[in-house]
Amino acid sequence: MADRKVSNWWTFWGVLILVWALFPLLWMVSLSFKDPATFRSSTPTFFPKTWVWDNYKTVFTDSLFTSALRNSVFIAVIATGLAVIIAMFAAYAIARMNFPGKKLLLSMALAIAMFPQAALVGPLFNMWRNLGIYDTWIGLIIPYLTFALPLSIWTMSAFFRQIPWEMEQAAQVDGATAWQAFRKVIIPLAAPGVFTTAILTFFFCWNEFLLAISLTSTDRARTVPAALSFFTGASQFQSPITYIMAASVVVTIPVVILVLVFQRRIMAGLTAGAVKG
Amino acid sequence: MAAISIRNLVKRYSDGFPAVNDVSLEIADGEFVILVGPSGCGKSTLLRMIVGLEDITSGDLLIGGERMNQKAPRDRNLAMVFQNYALYPHLTVFENIAFPMRLKNVPNEEVTKRVNEAADLLQLTEHLQRKPAHLSGGQRQRVAMGRAIVRKADAFLFDEPLSNLDAKLRGQMRTEIARLQHQLGTTTVYVTHDQTEAMTLGDRIAVLRKGLLQQVGSARQLYEEPVNLFVAGFIGSPPMNFLPGRFKNGQVETPFGTVSAAGPRLSKVGDRELVILGLRPEHFEDVRLVDATKRAQGKTFTAEVDVTEWLGSQLYAYVPYDAPSEVESQLEELERELDSEQMRTQLVVALDAASRIRSGGRAELWFDPERMHVFDAASGENLTRDPDRVFELDEIERPVEAEIQAADKTEAASESKETPEKA
Chain A
102 MADRKVSNWW
112 TFWGVLILVW
122 ALFPLLWMVS
132 LSFKDPATFR
142 SSTPTFFPKT
152 WVWDNYKTVF
162 TDSLFTSALR
172 NSVFIAVIAT
182 GLAVIIAMFA
192 AYAIARMNFP
202 GKKLLLSMAL
212 AIAMFPQAAL
222 VGPLFNMWRN
232 LGIYDTWIGL
242 IIPYLTFALP
252 LSIWTMSAFF
262 RQIPWEMEQA
272 AQVDGATAWQ
282 AFRKVIIPLA
292 APGVFTTAIL
302 TFFFCWNEFL
312 LAISLTSTDR
322 ARTVPAALSF
332 FTGASQFQSP
342 ITYIMAASVV
352 VTIPVVILVL
362 VFQRRIMAGL
372 TAGAVKG
Chain U
2 MAAISIRNLV
12 KRYSDGFPAV
22 NDVSLEIADG
32 EFVILVGPSG
42 CGKSTLLRMI
52 VGLEDITSGD
62 LLIGGERMNQ
72 KAPRDRNLAM
82 VFQNYALYPH
92 LTVFENIAFP
102 MRLKNVPNEE
112 VTKRVNEAAD
122 LLQLTEHLQR
132 KPAHLSGGQR
142 QRVAMGRAIV
152 RKADAFLFDE
162 PLSNLDAKLR
172 GQMRTEIARL
182 QHQLGTTTVY
192 VTHDQTEAMT
202 LGDRIAVLRK
212 GLLQQVGSAR
222 QLYEEPVNLF
232 VAGFIGSPPM
242 NFLPGRFKNG
252 QVETPFGTVS
262 AAGPRLSKVG
272 DRELVILGLR
282 PEHFEDVRLV
292 DATKRAQGKT
302 FTAEVDVTEW
312 LGSQLYAYVP
322 YDAPSEVESQ
332 LEELERELDS
342 EQMRTQLVVA
352 LDAASRIRSG
362 GRAELWFDPE
372 RMHVFDAASG
382 ENLTRDPDRV
392 FELDEIERPV
402 EAEIQAADKT
412 EAASESKETP
422 EKA
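If you read the sequences in order, they're chains A and U. In short: position in the first sequence from 1, add 101, done, that's my numbering. In short: position in the second sequence from 1, add 1, done, that's my numbering.
Pulled out of the complex, with its shape left as it was, chain A reads as follows:
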């Protein structure tokens, strides 16, 4: 009986947390389907009385959003790709090799990760304008890499360290070059780590707002989080909230899909059976 009671408590807390987390999301979805003209009725309801697609139509015809979506996708994908590749090599070196300044490198990386981004916005704004990369993709990708790399390196080197040395040595004896051993043995084994890092980095780039709004000024490079704040209603008397919600739903979907798809890849225990456990 006692066990039963305990498991009921777990269910209770689980449901509570789920509701807590899902409520804003549901509210967002609900709002995005409400009629922009009448959603502020005198008798508010949680779900819309009439479900309308108008907001989505408006959002996708608005060049502000479509160009922002394009920018977001490319900037996030490029930054993630670069971060993963750089972090993979850096983490491998940290996990496997001994070189002077290794400790310094790791603590520097951690320091950068803890550095407040807001403090950098001003200087970056000036620098980027002088360098001529203000309001460009590259102007966003560079700072994103800076902030994403430390964490990526830390996570990945933790994964690399778990891979037994013998795996590589076996590969070398089997006739692999260092690069072949890395590509055919180490990377497949570290795949969960690579995916985890990639997803975390992608989310960071996808959701980032502060740098996105400060270092962009036009459709050229403005990403969705920044663009959302520029949404206006049809007239100044109309609230853009429903449009913004529709846009938010659209940008949340890839995040949800990514998590669902890669959830299975991010599983530990891929190395099970490599060595005697």
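Hints are computed from structural coordinates only; laboratory data are not their basis. Think of the CB as a built atom: it goes at the ideal place given N, C-alpha and C, for glycine as much as any other residue. Warning: the hint list may mix true and false statements.
Sample of chain U residues facing chain A (criterion: CB under 10 Å; computed from the structure) [to be verified]:
| no. | residue |
| --- | --- |
| 1 | N78 |
| 2 | N85 |
| 3 | P90 |
| 4 | R103 |
| 5 | L316 |
| 6 | V320 |
| 7 | Y322 |
SDA-like, lysine to any residue: derived pairs with alpha carbons at most 25 Å apart [what the hints assert, rightly or not]:
| no. | chain 1 | residue 1 | chain 2 | residue 2 |
| --- | --- | --- | --- | --- |
| 8 | A | K285 | U | L104 |
| 9 | U | K132 | A | F283 |
| 10 | U | K269 | U | L290 |
Dock chain U against the given chain A, drawing on the hints supplied.
Okay, now just chain U, sitting in the frame of chain A:
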């Protein structure tokens, strides 16, 4: 296939510790050599130097006559089986075995053919599409061996391959490895700390201690004519008994009374203040089971038997005794080196199973002094070792082997005589 020449190989770590110290060993083509020794003796390091995973500080390593010191592991064409197998968990058994060939871009049909052959040999055919995680310890071990076989490597290197298996499986795999090596005739170097594996598997055994090669020879040579105290204590189970002794006026004073030192072996020693006498457990016998004629040749004595263990084929009796302080420290150090934790000095005696001796009583025991080994108390050198007899023992062991190997043997035996002096 190729011969491996190890010439004055040294491995010195950055802190100056020599893990392998001036080891020389000639391994003939097709020979099965065991590297054995207690943990930390440098046997694994030596193996890893051969395969190229450890840098060589000085000396020369030749495989098939070619100097390999600077070559990367992949250029040495050796196959290694690791202690923990080191299978690739993301690949199927088939791809694990095929891995070395995939790296060399061997055509697909050839890969399939050779993997299937290896799988057939190792009885892995039905597991080819499984992942290593779903295999038992013995099967993983066989996959690791399959990966070595398909390479058509010049030599196989085994690094304690059976130490992760349970006792029963270990016995089976040991036979399996011996059969496989015999079938393929590939030069093999096998590292182990298990002396049963060492004694049963190889053509020759190389005993290492603190990075120094002690003795190289057949199991019989090491057992019958050990070069020093260390080899004598390491080879054999239960281990050789070590007792203090004194040579005076053609007589040997032993803890069981004085015996004559006039025999061909003991007479070589001459007068010496303090020596360590080595007696194998099976050199003792229950006096009641010894023929009267034989009895006169040996020495009969009475001893307090502490514990007996009847094993069906043999009876082990334990006789505690106090070692004099002069040899105690020497014996203690030896114990430590051999990784054994014997609490007290005791004599282990292996008697005929028919013996009626039981625990906690006095017993009449007999031994033949002429079979005794005598070791120098300070250096541990075997004073009764007969190098010529070592040759004879070799002849007995391998009467029908090919002439080429016999020639190699002679060379090897002379090598084994040289090395202890260096040590």
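Results for each hint:
With 10 Å as the threshold, the beta carbon of N78/U comes within range of chain A, its nearest partner Cβ sitting at about 8 Å, so the hint holds. Proximity of N85/U to chain A holds as hinted, the smallest CB-CB distance being about 4 Å (cut-off 10 Å). With a cut of 10 Å, the hint placing P90/U at the interface with chain A holds, because the nearest CB-to-CB distance is about 4 Å. Here the hint on R103/U is kept, as its CB sits about 8 Å from the closest CB of chain A, short of 10 Å.
Because the smallest distance between the Cβ of L316/U and any Cβ of chain A comes to about 37 Å, over 10 Å, the interface hint for this residue is violated. The interface hint given for V320/U is broken, as the beta carbon of that residue sits about 40 Å from the closest beta carbon of chain A, more than 10 Å. Because the beta carbon of Y322/U sits about 42 Å from the nearest beta carbon in chain A, more than 10 Å, this interface hint is broken. For the proposed pair K285/A and L104/U, the alpha carbon gap of about 10 Å is at most 25 Å, so the pair holds.
Proposed proximity of K132/U and F283/A is supported: the alpha carbons are some 20 Å apart, at most 25 Å. Distance restraint check for K269/U and L290/U: the Cα-Cα separation of roughly 31 Å exceeds the 25 Å cut-off, and the hinted pair is therefore not satisfied.
Violated hints for the displayed structure, listed by number in ascending order: 5, 6, 7, 10.
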